[in-house]
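Mind assembling these two chains? They're in different frames, but the hints should get you there.
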Amino acid sequence: MSPLSKLTPRCAGLVLAAVLLSVQPATAAAKDRGPPQDFFALLANDVAVQVLASPVFQARTDGGRKVKIVIGDVINNSDDEGVRVEDLFNEIRNQIVSAGTTRLFAPGELNVDFVIAPELTSSIATDAKGRRQRCFTLNLTLTKPSGEFALAQKAKRCG
Amino acid sequence: MAVAAASPAYAQFGDLLRQLPTGIPGLPGGNTQAPPPATIPAGVQTIEPRGYSQQFQPVRTMIVEGRYADAMVCFTPVQDPPPAATPEPATDRKSKGRASHPAPPPPPPPTPPGSIISDPYLARVELGLIAFESGDLETAITYLRQAEEAQNARRDATGMTAAGNKIGDAASYVFGTISGQKGIGRYNPLDHERVLQLNYMALAYLLQGDRRSYNITRRCIAEQGELKTKFDHQLTESQSKYAQQTGDPSKVTEGDRQSFDGLAGVFRAYGAQANRVSSAYVNPLGDYLAGVIQEIASREQAALRDNSRIAYQNAVKLCGRSPQLSAAAAAMARPRPPTNERVLHVIAGEGFSPQREVLTYGLNIRDQVVPVRVPVFKPVGSPVQRIAVLGAKGAPLANLDPIGDFEAIRMRDQQDRVPLIMLDIFASTLASYFTGQATKNMGVLGGFLRQVRENNASPDTRSWLSLPGRFHAARLVLPANTRSVQLASFDAGGRRLNTETVPVSPTEAQSIIYARVTPGAMRVQTARRLWIEGRLEEDKA
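In the order they appear, the protein sequences are chains A and B.
In this text, residue positions in the first sequence follow the numbering used here: the first is 1, and each later residue adds one.
In this text, residue positions in the second sequence follow the numbering used here: the first is 1001, and each later residue adds one.
Next comes chain B alone, as it looks inside the complex (with noise of 0.2 angstroms):
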């Protein structure tokens, strides 16, 4: 190498390598960042939005302010067609769910911020979930079940296809490793991503009035079990792996080893959030949902009310403490629901759920501080304490409880998974150092591969950001002669921040609602006439 570095020939090389752009095609131009610097101290620099996380800031800004058609534009290019009319905030009853919107402000010039480039899977709940909020129930279910299906063909593959599937999955790792580029491969969907894609499939019907809305709770609840079972076999595998690896004192000095306990110690810092939860697969939700679907339907099979009252002490048991759920659980436990009574279930998603951010860390390995990016969930922040119920005077009915506290799954995921995290980044810290001592010793062209990896590496920030990072519940028996309620969300010091008066019908048994409440605003839709209320003549046409 060194002999060729001095020819006029390989000088001349050179210097074309320098005018090359360094950013690799294809990619998203977001991913071409600046190297971090040469030498940097050890210890944590910068935690900032990167990639992904960093794309999908305008999307929440269109949620928040109910540009929903805006934000599905930012994913659809990459996608098959949009499975129906572009939607918009919900109004119509007869194709869609009730919907009770403020006055729509007035239309900002539409500048969506060009296409988020985005693994088929998330770019499919991504879209669902928008959908969802904007109303448009079927097509946030063609989303969601579609983004299912791919997951279940890819899960359930066998021979050629799986044997595919598995060396495509090495090669994207092996790839993404060695050149930095950890988004490049298929988007492993976080284990409760799995579960609210489902909850949300249930929902959606739930609005719809259909009963399918059970059969996909019960779906939910098994697919929850099952990741449990092979996440804890998942666990106990990378713990004794990284410590194997790690334990090798002519591999890991005692530096190296304290170097990365601290990495450890950054994911392990959101402990206030993480802790709020014993576990990632505390998802009280979906028994939640499939207690109050089991209650709805045991207005035609009585012996439901039982399963219902099952279901909502489990969600009890999962949240540790609600009011609501156990009053809920109590009224199950009666034969028969009182002659006349109206029973309002509200369910509220609140805030965005955490995103993944990048985290620049200097890594003292062998005595050298590597400079690496590893992505690392912080929260999104949400002004809101609490929502409640209130009657059309602004009486207090019921404060909703949190009942699914998604923030605190994702980080206490995060928490978890640190040895597999520390593992993943143990080989790429590695492939990083080696790539580039080799790279020191190939000259020109070393430097120049050098660049390109280091002006591309990019961790993964990809996570399905459009969640709500909390969901609140309610249920309850509304006065005779209700015909509307108020639903407001409190900050912490017990100011109002938004209210919304939602109509509830008069002569239905059973009525749900839903509200997404972001900062400064929340939506609310009202479900269909409930399959068990009897069809309507406009449904049956």
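Chain A extracted, bound-state conformation (with noise of 0.2 angstroms):
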């Protein structure tokens, strides 16, 4: 009996077992690929918090003056062309006016305390174990219209 008689078998088996194993099809995997549905709400909601805490931010609101604010376009600088920005924005704004401590204003309007520049970047982890993870930043830089800078804060998140 020759060596290659016995291998045969077990390699046919080894073929078969890892067929069933590996048929899985490559779509439903990148389907599950990416951040999950509530990460940019909770990176959004981190970020909001921040700005709303801050002693620059908690100045204009004495006397329970309401801060006006202005949002611009959040600018994906991440590796993730994917990122719906829109959503993004959304979220940003969604969690910052429902504070109740802002009035928010269309994109032009110059009578304003701050405007509110958002960018996410992006860049890969390996955790402890070796795997791969994108974490994101969401930065948040508040400039008066005059341009002076105020304030920058930041929230960052893998998954």
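Hint data in this document are derived by calculation from the structure and do not stem from the laboratory.
Just so we're clear, the structure is a prediction, and the values are computed from it rather than from any experiment.
Careful, some of the hints might be misleading.
[Stated by the list, open to error] Among the chain B residues that face chain A by a calculated CB cut under 8 angstroms, a handful are: (1) Asp1156; (2) Arg1212; (3) Ile1216; (4) Arg1218; (5) Arg1219; (6) Ala1222; (7) Gln1234; (8) Gln1301.
We put the CB at the ideal spot given by N, CA and C, even for glycine.
In structure tokens form, the structure reads like this:
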């Protein structure tokens, strides 16, 4: 009996097992890829909380006055072209407005306290088990209508 | 075995076996080939296209002739249905990149050579690039994205799926090694192919005038860094494993080792091409594209001018020398662009990247010459030496600098991977040797099995073959009132090979031209109005 004749049925078994295990549509796996649905809502919440709690922002709310703001378009400087920047904009807007301490104006309005410029960036991190994780950072930069820098806050989440 | 061979029933069985076909059903017909002679001299015998590289030859002709739809048909039967209508050379401004093609030649009779059975990843990148060259950018993006998602799903798989993938790979490797069918398993893209797949996706978005090209470029740069780290680790491991396996005098004699070294020398014979780059990870194209895209984006975010300068400088570092990119970096060092400056970026893909051919080699092992077939990359020649931008009346405006030498990168990759390749050959040759010894003891059945193996022994010759061999680029500030430029290719003797006149918008601050220069043909696409220029009504619609 040759070693080959012993090996062949094992190989056939291995091939069959592999085929059965690896037959899974790539597209199905691809659909699962990317951050979960509420990922960006949480990211927007994280950074909005920081902005609202910041001394620069709080100073403007003294006496129960609402802070007048404009939020600019989200600049997607991440490595994921699939991020829905409009949804992210809405999340930031909703988080900031729902605090009840702000009045939101349309872009172009100059009689405001701050112009908020959101920017999304990303990086790849490797966890303790060596698995890749994509991390997103949402930066909110606040400037006065004169262009003077007021504040920058950021929040980072990986998933 | 000897007793069985003597019986009349066994003799009849032998006759029956001799009448059976020795091709493996389900494999491409091109894989069945004449076995190498039983005895061959030691050393190099032949190097010729086989398997995928042989099947791709008519597709290459179709690409050169601009018969993109025919070329795509060659891949589609084994794929999902094409995501969009069959592409033809682009002329429609609204749905595609603007294209300036020469008048198409009279349509030859469509005779696609039948489907090329190929790996889903490989088929998708080939389809993506052919669609890109045809100007059908949407289809190109769809295919390139599908290819990327398939790779990512595999890389990011966990649990049972990851285990299944690993078992599948191992089983394919074992089955391929024993049967000689090395191309039977899933195609593992070469590292620079994965990077180029992203480069092309970024280019496709750029030609659509879409800002998403920036996101893809960032992903591309990150991916390249990650692949390089992985490769360095893998190479160190293989070098020590190969030295360990071939260093044991009880297993491998001095003669065997010399023969293996001779074979390794064949892979190193393309030093002239390979040594044009210092490593297979020298891909200035990614940094160059990052520079271009950030320069464009800096029109809306001025801070990106500095990022663009750094990206151009990184590209120059990788190129060694590029007057075009050095000038681009210097231009980005200025805080803002001069008023009314119009910049034209020209990117040209030239020729075809090297293809894997089959080397038949007589390998000395245990004082016997064992015929082995191994894949080896060989450059695909291109007559083009230089590409230049000329004014409308022929005055020279700029020479394009070669910035991405993928011929050199592919040859370098092969040269750097010699320890890995030799390890694989070592395993395959031993399998072949022991299979031969085993089948010799199995009489007629053994002879039949040996014949099946030899006839179907086929090294893996797959690689992304529609890729250009080299990229050239130029960034030029257009003289005032320029409405068109000429793009011309020249051979080594300075003779002009092809010329195309390309219109440029007099109102757009940044314009992009992409050209594919193949032997005897040049096809040009210009980008749609870029996002920084504001959207037109037709775009909004």
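Practice prompt. May I ask which of the numbered hints given earlier this structure violates, with the numbers listed in increasing order?
Written response: Violated hint: only 7; rest satisfied.
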